[in-house]
Each structure stands twice: as C-alpha cells, then as structure tokens.
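Asks: Below, each chain spelled out in residue letters.
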Amino acid sequence: MKDFKNINEYFLRYLKLYISTLTEGKEEFFLSLCDIEEEFFHDLDISRLSKWRVTVVDNRDYSKAVRLRNDIRIKKIILLSGEGIKQIDSLKDFNEYPILPRNRTMLWDCLSKVFQVDLERSIESFIETILDNKEIAFSELFKYFYASIENGKVDLTKLNGNLDILGIWKSKSDKILNKGRIEKMIRTSKSTIVESRLTKAITENRMKDLGGKNSISTLLSQGNIQKILETYYYEDVEAYFKNTVRNTRPNEENESSNEMEVLYATSYEYKLLEQIDDDISDIESEWLRDKNDEEIEAEFELTWKDYEFSDHMQEDFLKQVSKLKEMIQNVDLTNLKMEQLLEKLENVKKYFLDNWEGVRATPSCLYTFCLKSEGYVQEYIELLCLILLDDKIRLKLTGTQVIINLLLLWCEKKDGEISMPFYHPIAAFHYMSLQKIYENIVRNQDVGSINYLKTRIQVAAAQKVGMQFPVEFLESDGRLYRVDYTTVNKVGKVIFRDMLSGLGYSVLDFRIIQGQVIDYIKKHPFLTEINVAVLDIGDLNGLLQLASKIRECSISDDYNVSRVTFRILSAQEDELKKSLAQMLESIGTDDIVRFRFGRYGYQNKSRDSLKNNTAGKKADLAELKEIIEEADLTILSDSSILYYEPKMVSNKIGNNMIMKRLEHVDIRAQLEDYFSNSNCDIPYLWDTLQHIAIEQDEGFWCWKSRAINNQTISLINQVISDDIEKAIVVLSSNADIISEINKTKYIQALRRKYNGKSINILNFSGRNGIERLDSEGEVFSYSVKNLYNEALDLEEIHQYILPEAKDIILTIQIKDGIMHCHCNICSDDGLDTADVMRGTQLEQPGLLVGDEKKRCTEWIEWQFGDFFRQDNIISRYCQELWINQWYEEAYSVPAVLLVERLCRGNEVKVRFGQNIELDHKRTDRTDCMEAVKIHDIIGFVQDKVTVDERTISQFFERFEATLLERIIRCDETHHLLNSKESEILTGIYERVREI
Amino acid sequence: MSGSNVTSKNSKIIFINSFKGGAGKTTLALTHCIDSLFNEKKEYENIVYMDLDILGTGTCYLFDEKKMPIEKCFNYTQKPVSIELQLQRQQYTLYVAYLNPRLKNHSAYGIDQFMYHQEVAAEILRNDVLNFIKLEIERASNSLFVLDCAPGFSEFEQKLLKDCYTLALDRKVGILEEYVTTLDEGHVRKCIQCLNDSCRSFSVSEKHRTMRLILNDVQNYAKHLNSKGIEVEQKWKDISKEIKKELINRSIELYIWRYSESIAMQSTFLDKVKIENQIDDYMFTRNNFYII
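Protein sequence lines, in the order shown, are assigned to chains A and B. Just so you know, we're using our numbering here: the first sequence kicks off at 1 and counts up by one. Just so you know, we're using our numbering here: the second sequence kicks off at 1 and counts up by one.
These are calculated hints, taken from the structure and not from any lab test. Every residue, glycine too, gets a C-beta built ideally from N, C-alpha and C. Be aware that a few hints might be false.
As the list claims (entries may be wrong) - Cut-off 27 angstroms, straight-line C-alpha distance, at most; resulting in silico cross-link-like pairs (BS3-like, lysine-lysine): (1) Lys-396/A to Lys-241/B; (2) Lys-980/A to Lys-272/B; (3) Lys-66/B to Lys-980/A; (4) Lys-42/B to Lys-396/A; (5) Lys-235/B to Lys-337/A; (6) Lys-241/B to Lys-392/A; (7) Lys-172/B to Lys-652/A; (8) Lys-66/B to Lys-704/A; (9) Lys-42/B to Lys-436/A; (10) Lys-159/B to Lys-337/A; (11) Lys-42/B to Lys-647/A; (12) Lys-396/A to Lys-237/B; (13) Lys-396/A to Lys-235/B; (14) Lys-652/A to Lys-241/B; (15) Lys-396/A to Lys-413/A; (16) Lys-392/A to Lys-223/B; (17) Lys-134/B to Lys-337/A; (18) Lys-79/B to Lys-396/A; (19) Lys-436/A to Lys-41/B; (20) Lys-980/A to Lys-72/B; (21) Lys-392/A to Lys-244/B; (22) Lys-980/A to Lys-244/B; (23) Lys-392/A to Lys-235/B.
As the list claims (entries may be wrong) - One-sided and incomplete, this derived list gives chain B residues near chain A with beta-carbon spacing under 7 angstroms: (24) Ile-263; (25) Lys-274; (26) Glu-276; (27) Asn-277; (28) Thr-285.
As the list claims (entries may be wrong) - Covered stretches of chain A, as calculated for chain B (at least 3 residues, CB under 8 angstroms): (29) 5-11; (30) 411-423; (31) 658-668.
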C-alpha cells in the first residue's frame with residue numbers, strides 16, 4: 001500500500017497555484033473548480049486560502065455560494081465542488097474550470113512548483129500520452145505524481161512502477177517507456193481485456209504459475225482486476241496480450257463520422273506499428289483461431305466485422321457463373337474458342353470456391369487473404385486477357401453482355417450503384433498491391449534507434465497510397481458508374497456510383513481549403529461578413545479546425561470579420577448535414593460560423609437532360625454563375641462542372657508493351673510493376689474491355705474524365721474580371737490543369753498530394769498578382785512538424801526523433817555540389833509556429849546530447865538518402881508530397897531546382913548549426929505557380945531521351961520559353977540539374993530560340 | 001517463331017531484305033533489335049543493328065543525329081556506336097553500325113578514299129562486316145545482328161548472305177532471312193518472283209535456309225476488312241494460300257505485320273519523333289506480328 005500522508009498539504013499548494021494562475025491580473029472573478037474528488041475535501045482547510053472567499057458546494061447545499069455571490073462587496077469568489085455547478089441556475093455567473101487543467105502547460109507548471117521538481121519534456125510527453133489515451137481522475141494523477149518523486153526529482157523506476165495507481169499495468173523499466181509501449185499497456189489494462197485474456201491463458205494452460213493466494217486465477221475469480229494490476233508487472237503477463245487491437249482511432253478528427261474506422265486496418269499495420277517480431281503468418285493464424293471466440297472478439301472488435309458475409313454469397317456467385325456460361329454458349333464461337341473461354345471461367349470458379357475460407361480471412365488478415373485470392377485473381381485476369389487478345393473471341397463478344405457480366409461477376413447492382421465486394425479480383429488486386437507495399441516495409445525493418453520512426457512514416461504513406469483504386473469507371477447498360485473513393489478500404493466493398501446521381505467521389509475535405517478561406521479573410525480585412533460557397537466537398541473533415549481559425553480571425557484586431565457563412569452544395573447533402581449535426585457542439589453556436597445546405601445541379605434535372613451533354617452543361621453553368629455571384633469565395637472541389645463528360649479515348653502511349661505483358665499476364669509481375677513503377681496494366685485491361693463490349697475497335701482504350709471544360713474556366717474568368725473582390729478556388733485532380741490554362745491571368749496555384757491524389761489548387765481572383773521567383777538563393781527551410789502533419793497527417797512526428805523538441809527546422813543548401821542540411825531544434829514552449837519559422841529561439845546545438853544528435857542525423861540521412869533512392873511507390877509518393885510542400889518554401893529558381901535534386905536521393909551532410917540565418921518570409925504561401933511549372937518542365941524532359949520535332953511542339957503547347965531560359969541560366973551557375981536533364985533542356989532551348 | 005537452324009544457335013544474324021523500296025525493312029530491322037533488347041527473356045547480351053542499305057535512307061536520321069556523326073560511321077571506324085534506349089525504367093544499349101549518309105550515293109567508301117569503283121568498295125564493306133561479326137561473336141557468344149539491306153537482292157547482299165551461312169557452319173550462329181513486302185499487288189508479285197529466282201540461283205540449298213516472307217500491312221487493310229465485316233484471319237489465309245502456291249520454296253513462312261499508326265505518324269515532316277522517344281512502337285506482339 002502506497003503511503004500518501006501529507007498529500008492534502010500538497011493539494012492545498014496546488015489549489016493556491018492553480019487559482020493564482022487562472023485569476024492572474026484580475027480584480028474581480030467568480031470562479032468554480034470542479035471534478036475534485038471527495039477525499040480531498042475531508043481535511044481541507046480552506047481558511048488557508050485566505051486571498052479569496054472560498055467555499056465548498058454540492059448540489060444539495062449551495063446557499064452559501066449564492067449568498068457570497070449576492071454580496072456585492074465580495075469580488076473574488078472560489079467555489080470547490082465535485083460535480084460542478086453548471087446545472088445550478090443561480091450560480092450560472094461562475095466560470096467553471098476542471099481541477100485537472102486542459103491546458104497542459106499550466107498543469108506541468110503547477111505540478112512542478114507544487115512538488116518542487118524539474119519536469120523534463122520527455123516525462124511531460126509520457127504523461128500526456130497517458131492522459132490522451134485514458135480517463136484519469138485528478139486524484140489518481142496527483143497521487144501518482146506524489147508517489148513517483150524521490151529526493152526532489154521524478155524517479156523513472158517509480159514512474160513506471162506506480163502506473164497501477166492510474167489503473168495501468170506497472171512496468172519494471174527504469175527508462176521512459178516509448179509512446180507505442182505505453183499506449184499498448186493502457187489498452188491491455190482495460191478490465192474486460194485483462195479478464196478475458198488472462199482467463200484464456202489459464203484455460204489453455206499457457207500461464208506459468210505466478211503463485212500464492214494472490215495468484216492470477218484467485219484474483220480473477222474474485223473479479224479483483226485492480227489487485228492484479230497492483231500485484232503483477234506488465235513484463236510478467238505481456239505474452240498473454242498479443243494481438244490486442246484497439247477498435248477505434250484516438251480522437252483525431254473525431255468530428256467526422258468515422259466510428260467504423262479501425263486503428264489497424266490490416267495485420268501488417270498492427271505488426272509494424274506495434275513492432276511485433278512474429279511472422280505475419282503466425283500473427284494472423286492466432287487472429288483467425290480467435291476469430292470465433294466470442295469473448296475475445298467482443299473485446300477488440302476486429303476489422304473483419306466490417307466485411308459482411310451472407311449465406312447466399314456463394315449461391316449468388318454460382319448463379320452468376322451459370323448465367324455467364326449460358327451467355328457464352330449462345331455466342332457464335334468455334335468449339336475451340338468456346339472451350340477456352342469456358343475452361344478459364346471454370347478455373348476462376350474452382351479457385352475461388354476452393355479458397356473461400358481463406359478469402360473469409362478478409363483484408364484484415366491481409367497476408368492470408370492475398371495468399372488465398374492469388375489463384376482466382378490470376379485466372380480471372382487471364383480470362384479477361386484471353387478475350388482482349390484473341391481477335392476472334394473479342395470480335396464475337398462485342399455487342400453481347402458477356403464482357404460486362406464478367407466484369408460485374410461477384411458485384412451487386414442496385415439503386416444507382418454497383419457494389420464491388422472486397423474479394424472481386426480487382427479489389428483483391430488492390431489489396432495485394434497494398435500487401436506488397438507492407439511486405440517491403442517489413443523487409444526493410446532494422447534494429448536502429450529510429451526504426452519505429454521510419455516505419456511510422458512508411459506506414460502513413462502506405463495508408464495514403466492505399467486510398468487509390470486500380471480502376472475508376474464501369475459502364476453498364478449505357479450508364480457510367482464511378483468509384484466513390486470514400487468507400488475504398490472502408491466498408492468491405494467499393495461502391496461505384498451512377499454519375500448521373502451526382503453523388504460524390506471526391507476525397508477532398510475542409511482541410512485542403514482551410515488555407516484558401518483564411519487567405520481570403522486576410523486579403524479582405526475590412527469585410528465583416530463573408531459568404532463561402534463550397535461545391536462537391538466529400539466530407540467535413542477539418543471543419544473544426546477551420547472554424548477555430550475563423551474564430552481566431554474574428555477576435556483579432558487585424559480583421560473585421562464577424563460572420564462566415566458556408567453554403568455547402570453537394571449531392572450528398574443529407575450525409576453532410578448528419579455529419580455537421582454531430583460536430584455542431586464542438587464548432588460552437590456563437591453565430592460566427594454558419595451553414596446553409598443545398599444540392600445544386602442535380603435535384604431538378606431529369607436523367608435525360610443530364611445525359612444530353614450540352615443541355616446539361618448549359619444549365620449547370622447558369623446555376624454555377626448564380627452561385628458564384630452570390631458568394632464572395634467559391635470553392636469547386638474537383639467538381640464535375642470543371643470537366644467535360646468522361647469519354648472513352650484511344651490510348652496512344654506504350655500499347656505494345658502493355659500488349660506484350662498481357663500476352664503472358666502474371667499477377668505477381670503486375671504487382672511488381674505497380675510497386676516499382678507506380679503503374680500496371682489492369683486499368684487498361686478493365687477500361688478497354690468496357691470499350692470492346694460495345695465497339696469493334698483495336699488497341700487500348702481508357703476513360704478520360706478530367707478534360708477541362710473551357711466554358712467553366714471562361715465563366716470564372718469573366719466573373720473575377722467583373723468583380724475583383726471575388727475569389728474562386730478550383731481544386732482539380734487534373735495534373736495538367738496548370739499548363740492547360742496557363743495563359744489565364746490572375747491565378748495563384750499550389751499543388752498538394754491529398755489522400756492519395758495529386759490536387760492542384762488554383763485561386764482565381766482579380767486581386768492576385770504574379771509572384772515571380774528570384775534568380776538567386778539556393779536555399780530553403782522548412783518545419784518538420786508542419787511537413788509531416790500536412791503531408792501525412794502525422795502529428796508531432798519530430799518527437800519520435802527528439803522527444804523534447806517542439807519542432808525541427810531544416811535548412812537545405814548546396815555547396816560545392818554537396819547537399820548540406822542544417823538542423824535547428826526548437827524547444828521553447830512559448831513559441832507559436834510562426835515564431836519558430838522566423839527562426840528565433842533556436843536551441844543551441846551544444847545542448848543536444850550525443851545520442852539525440854546521432855538519431856537526428858540518421859533520420860535525415862535515411863530520408864534524403866536510402867528512402868528516396870529506393871525508388872518505389874512509397875518513396876515516390878513521399879517525394880511528391882515533399883516536393884509540393886517544399887515548393888511553398890522555395891522562393892527562387894535555384895531553390896526549386898534544389899528541391900528537385902533533393903528528391904532524387906542524395907548524400908546529405910548534416911550540421912547542427914545555430915548560426916544559420918533563416919530567411920523565412922512567410923508560412924502560409926498561396927502561390928507557387930512558377931515552381932510547379934518548373935517541376936512540370938523537368939518532369940516533361942525526364943520522359944524524353946532526345947529532342948525531336950514532336951518534343952518541341954509538345955513543349956510549346958504546355959510551357960513558356962522564358963521560364964525555360966531562366967531555368968537554363970540558373971543551372972549554368974548552380975549546376976543543380978543532372979547532365980541528361982540539362983542536355984535535353986538546352987536542346988529544347990536551342991530549338992525554341994531558333995523558332 | 002524461328003526455324004530449326006536458328007534456335008539451336010546462341011548468336012543470330014537476321015538478314016532483312018525486300019525487292020522494292022518503302023516496304024518497311026528498316027522499321028522491321030529496328031523492331032527486331034528493340035524487341036529483343038527489351039524482351040524479358042534477354043536472349044542476347046549484345047544486339048547490333050547494321051545499316052547496309054547503301055542506297056536507302058540514312059539510319060542516322062532516325063536517331064539523335066548528334067550521336068551519329070559522319071566520323072563515327074561504320075565505313076570509317078568498323079565499329080558501331082552505342083545508343084542508350086530507355087523504356088519506362090528499363091535502360092539498355094543498342095549498337096548501331098551506320099553508313100555515311102552523304103556518301104552513300106557515290107559508293108560505300110566515297111570519293112575521299114579514291115575508291116570510285118563501287119564493286120571494290122562493296123567488297124571492302126562486306127569484309128568489314130564479316131570481320132566485325134566474327135569478332136563480336138568471339139567477344140559475346142550470344143549476339144544478335146540485324147542486317148538492314150538495300151532493296152533488291154544484289155550481288156553484295158547475296159555474297160554477304162553466303163558468307164554468313166559459311167560463318168554459320170563452324171560457329172554457333174543461326175541465320176534468319178526475312179523478306180518484306182507490302183500488300184500492294186505489284187510488290188507482292190515482284191517479291192514472289194525474286195524469291196523464286198533467289199531459290200533457284202542462290203548457292204545455299206533452301207533446306208538449310210530459314211526464310212520468312214513478311215506481309216507488311218502498311219495500308220491498314222485489316223481495319224478496312226473489319227469495317228466491311230469481313231473476317232480478317234480468313235483473308236490472310238486466302239492471301240497466304242495464293243502466295244504459297246506460287247513459291248518454289250514451300251517452307252517459307254508467311255507472317256503478317258500489322259499497321260501501326262504511331263509508326264506511320266512518327267516520321268511526318270516537321271513532326272518527327274526520334275526512335276529514342278518512341279521505343280514502344282518497335283515491339284512485336286502476338287497481335288501485330290504473327291504467322292499465317
């Protein structure tokens with residue numbers, strides 16, 4: 001039993017400090033502190049809090065408090081209570097604060113002063129992790145702290161050994177437990193999990209005798225879980241808690257309706273992030289063995305619950321196959337061809353049914369699922385290839401329903417949507433590609449000190465890459481269906497929605513438009529009311545943060561804004577309204593941020609009018625004009641109105657190689673190609689089959705869906721030239737939009753990689769000026785914290801490198817052909833991001849201890865070296881992310897070229913220098929059009945081996961010669977391009993100059 | 001795809017000829033090279049394209065001209081130049097032996113070397129080619145040589161082919177002869193006649209030769225047939241039957257080489273695409289090159 005004598009003395013000190021902090025500088029206040037446990041009131045001598053009038057209240061007796069409040073002579077009143085006084089109407093004037101402050105800085109300050117100890121940042125982080133992951137009562141935390149101090153400092157052994165006070169397994173370790181470990185210990189301390197896991201271990205005779213009257217079995221039979229936590233160390237029982245998975249994400253982005261989202265969507269995520277050494281097959285075997293154990297299942301709700309199975313699934317599949325066979329038999333084919341087709345189809349059926357149990361492992365057990373699905377996926381793809389490559393079969397099947405029925409095998413079609421289950425070969429291929437990525441991460445694991453960090457970054461990137469899907473469109477019965485990307489990896493099936501329904505497929509949300517809205521407010525400081533129209537947003541993620549930023553602007557003296565009204569126009573109106581209702585409380589009801597909803601474009605139109613391209617577009621444009629004219633800022637988030645209707649076009653590039661690969665199609669080779677080159681042939685196969693189902697054409701075909709609608713762009717230009725105060729933001733997944741409309745004036749542009757897609761953000765406004773890059777300055781700096789947060793949603797990633805750091809600022813330079821990275825650690829608590837970015841208050845490098853320096857160096861060298869040089873889909877994805885973010889920090893042509901060079905994988909010399917002049921002009925950049933164009937020019941020449949007439953004409957179609965000249969001039973001085981790029985660019989320039 | 005005397009050898013010489021210009025010899029020869037270069041099987045470690053068309057268009061115009069200056073042409077150096085070819089992320093080297101395009105019309109060796117006599121010049125060139133092939137085979141036993149000849153089956157070509165067969169006797173070299181024609185009536189008839197003449201007069205017996213007649217569908221006749229609803233395969237079979245009826249050497253295999261819009265477009269004046277930028281067009285597939 002721990003001894004907590006004198007704890008009330010410390011609590012009294014705490015109260016004094018806390019109240020002083022809360023009331024500092026105020027002459028008059030009515031303050032209530034709530035959530036104080038009963039035990040603290042017993043011996044509390046409130047007379048020692050004589051600076052204020054203090055009284056203890058509860059719901060039954062609060063008359064004294066009312067009397068104090070009514071006495072106008074009393075200016076400083078403090079109420080102490082357990083339940084709080086919010087429900088007491090007569091005390092509503094009091095401001096209430098919990099005894100455990102939400103402001104962590106305030107908490108650490110009070111605790112360190114009360115117990116007269118210095119709190120290291122690593123200890124604060126450790127306790128923050130606990131507070132973030134578990135409901136901790138103030139008394140528990142206070143006692144825990146009290147019990148963990150020895151000789152005037154926090155004792156790490158005690159800090160770990162006393163965790164049972166917080167209802168968490170205690171640990172024998174004498175070091176700060178890492179974030180992953182303490183999180184797992186918290187999860188496995190839940191009484192239901194302790195009970196079920198330990199009971200299971202006992203019944204399976206796996207538990208070694210931990211003896212005595214306090215044996216685990218005795219305590220379990222008494223239901224005394226707390227005693228188990230007090231008696232045993234985590235290290236003693238850890239083996240019994242393997243594969244315990246948390247079912248929901250921690251509260252990040254909890255304003256959206258992501259309750260079904262799981263922390264570990266797959267076994268690989270679990271293995272990697274929990275750093276489990278066991279083979280993936282062993283982990284999955286255990287999961288699959290426990291799958292039918294109701295008690296275990298109930299405790300952590302494994303992801304396979306998302307994957308629905310019904311008894312008639314196989315029956316339906318067999319019916320579909322029989323129907324398909326019948327259809328094939330009715331086609332006028334030679335016996336040989338008929339047999340070939342039917343044999344392949346039979347193989348698909350056989351392999352699928354033979355592996356049904358393995359398929360039921362679902363992508364939660366990704367290894368097992370992929371292993372078992374490979375056979376029928378291969379057979380299915382071979383069948384598709386047979387149809388495509390055999391001229392006779394192809395021609396005979398054109399005009400029949402065979403091809404479409406084959407594509408729709410396993411799928412369900414109803415109410416304007418097609419559901420493709422996760423075991424459809426295309427979906428299975430998607431999961432197999434994900435598995436390949438995870439296998440690569442597993443293979444590259446090492447034992448270095450930053451292994452977890454490397455893994456975390458790669459897993460985050462894998463999750464983003466996994467948001468893509470190999471195919472996008474499916475045409476059936478004359479209707480075109482498009483993948484709803486919000487369903488990929490989410491609900492056990494991928495939904496293709498009828499294009500006519502207008503239902504969203506966008507993965508864009510409020511996070512990506514936050515900068516644009518705030519920028520508009522900043523550019524229009526005198527506006528009091530701003531109307532923002534948002535078209536076709538996918539969900540409301542990020543809305544809370546945006547609302548909070550708007551509120552900050554509204555209370556700032558710099559801006560007049562007092563109300564921002566969002567008019568959200570989407571075919572998903574109902575879903576968005578529901579999401580908003582769930583988060584309204586958090587957004588606040590102060591009327592600063594308001595919402596209106598509507599559907600636009602889709603509600604009043606008949607299918608026929610929408611089918612008619614021209615008529616539909618005219619109507620849409622008229623409506624768009626009205627929307628734009630009504631709003632100050634209009635945001636089009638990859639809206640279909642930006643593009644012409646999708647159409648099937650002949651593929652011009654690489655057809656022979658595609659054909660050769662499909663002649664001997666091999667799923668593993670396709671996966672390898674996807675992994676190594678971010679490319680595979682499945683999309684061509686899928687789209688072309690849809691085409692040849694209707695037309696007797698040869699070659700490869702694909703859906704072209706992002707051709708910019710010039711009428712829409714003209715309308716936007718017209719509106720902004722008529723009214724320079726208006727701004728229109730276009731978010732587009734068309735990679736070439738910038739070059740396609742680069743002659744348009746008044747555009748600012750950014751490029752972002754967002755949820756797996758490259759998004760161009762174009763801001764049209766009469767107030768926009770052209771930002772020209774400088775010709776000198778081969779340096780750029782960036783905040784690691786912001787980069788990882790914005791690019792991969794990894795918060796505070798820098799703390800895995802340096803736990804005490806608030807941020808790390810890296811400055812990249814090149815000198816004598818060698819990359820230099822100057823690493824500055826920001827540790828001052830009081831700095832906000834902007835201050836940090838200005839480069840003030842950088843820690844002296846001498847303060848970094850050897851191990852930290854080593855870790856930091858290792859991470860930088862890995863990121864810019866081995867990781868980028870791996871040249872696979874993950875490293876390439878990160879390169880693109882980084883490039884987009886770094887462009888926003890690059891203010892000169894050499895800096896942009898430096899970014900390009902850095903992303904090719906380089907040896908980097910790391911220095912920890914405090915003397916670097918950080919010339920950070922700003923952090924919220926809204927235009928890097930020139931940088932993006934330079935990137936596109938370099939991308940263009942990378943595809944060329946030599947300069948020919950076609951190269952010149954293509955260059956002229958997309959780019960401007962003046963920018964090319966600036967790049968060449970810059971490279972003559974700085975030599976940042978590689979020799980091939982330089983040669984091709986010069987070749988083009990010489991030809992362009994002649995013209 | 002190849003005859004029996006080809007597959008057993010490690011190295012191969014493909015002899016590409018036609019009996020009229022514009023049949024697509026150079027494109028076919030380059031397709032053999034590039035297809036082999038990027039073939040997953042990687043049968044050959046050394047692939048050499050040899051432009052022996054002393055009358056025809058200059059190969060160097062097809063590639064980046066800077067890499068093929070006059071001073072590096074085969075008739076001066078007896079060596080090929082290396083050209084790096086890249087497709088997606090794969091990069092390989094093709095060796096190209098080319099003749100001086102400006103001097104072709106004079107003779108293979110031109111006036112600079114005071115060899116006005118074309119026969120002597122051709123003799124020297126033939127020896128140089130043979131020596132080069134021998135040395136290359138010694139260096140890399142699995143080499144592929146694709147010889148892009150001048151149209152017609154001139155004495156130069158005949159002698160060279162005979163030399164190659166001699167080479168094949170004592171070395172592990174397979175010889176494949178490919179003769180290209182378009183579907184043009186006159187072209188096909190001339191081709192049949194010349195092939196028959198060649199079989200009668202050429203000193204190597206037809207049973208030792210692997211010969212192919214390549215029907216190059218430059219007119220995109222297949223598309224035309226398709227649009228008319230005529231079965232293309234049957235049409236090819238009919239054509240093949242008729243041609244074979246007239247050929248003395250019944251073992252000649254007939255191949256269809258399908259039209260490629262991309263290749264047709266890439267040499268367009270003022271919109272020219274260099275081969276290096278358009279590698280994918282130079283690939284055989286089951287659908288663009290097949291035996292009838």
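Asks: Any hints this thing doesn't respect? Which numbers, in order?
Replies: 4, 7, 8, 10, 11, 14, 17, 18, 22, 24, 29 and 30
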